[in-house]
Amino acid sequence: VWSLGQVKGSLESVLQRQEQEERLREDSLAGSPRRSHPDAREREKWERETRETTLELLKVKDRVIEVERNNAGLQVERELLREQVRGLQAQSQATSAHILSLQAQASSLQAQHAQLQVPIADRIDLKILSLVIKSLPALAPPSLPLTPPSARPAPASCTVRPSPPSAPASVAVPSATTPQNSGISPSIPPPHLPPQPSHSPSISPPSPPQPIPP
1 VWSLGQVKGS LESVLQRQEQ EERLREDSLA GSPRRSHPDA REREKWERET
51 RETTLELLKV KDRVIEVERN NAGLQVEREL LREQVRGLQA QSQATSAHIL
101 SLQAQASSLQ AQHAQLQVPI ADRIDLKILS LVIKSLPALA PPSLPLTPPS
151 ARPAPASCTV RPSPPSAPAS VAVPSATTPQ NSGISPSIPP PHLPPQPSHS
201 PSISPPSPPQ PIPP
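At position 144 of the sequence shown the residue is numbered 144 (this note's numbering), and the sequence of numbers has no breaks.
Hints may contain errors.
Said to hold, decoys possible - Pairs of lysine-lysine, DSSO-like flavour, derived with a Cα cap of 27 Å:
1) Lys134 x Lys61
2) Lys45 x Lys61
3) Lys61 x Lys8
4) Lys45 x Lys59
The set of hints was computed from the structure by calculation and includes no laboratory data.
Using the sequences provided together with the hints, build the complete structure.
This is the structure in structure tokens:
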């Protein structure tokens, strides 16, 4: 494959050779006008060679034009490829910047998630504690009302004489005497008992005797 410079050089050399041959032919014709027959043969030969050379030059010229056309097409394709490379580089830079921004957003979201985990856990603990506190009254047994022995009413039809309870050795319980002749029995206040320790059984004072109706 010939290059553009080689084709131009060969074309110039062919043109110079044609010019030299024309000069020599003109000089020969001017110097010997009588020798027409040999000159006609040489002229035909020269014309044939000239036509062949011209055909070769035309072929070379067509080849040069084709090479230049291909070169121009390659230049255009190279410019297009350069533009595509520039566009791809810009797109790659934009993608890299977008990736960096997404990474920054992901790190900030992780930090916010870590900050929100503590209050959420505290709220869950408080809710569980409140539920447990609300469920405690339902689980506790119902409280029974306590009535002191002195507040209990005695029957009015008869007098109940309870037997004196057995007192410990250190406590002396006085015996209540009831007169037989009188119909009204005096009310004897219950004796004052000292507080008993927690391990001893509790002793309730006896209720006073009620009068019997006549």
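Outcome of the hint check:
1. Simply put, lysine 134 and lysine 61 have alpha-carbon atoms about 106 Å apart, too far for the 27 Å limit, and the pair is violated.
2. Our distance criterion of 27 Å between C-alpha atoms is met by lysine 45 and lysine 61, whose separation comes to about 24 Å.
3. Of the pairs offered as hints, the one joining lysine 61 and lysine 8 holds, with about 9 Å between alpha carbons and a cut-off of 27 Å not exceeded.
4. Of the pairs offered as hints, the one joining lysine 45 and lysine 59 holds, with about 21 Å between alpha carbons and a cut-off of 27 Å not exceeded.
In terms of the numbered hints stated before, the structure departs from hint 1 and from no other.
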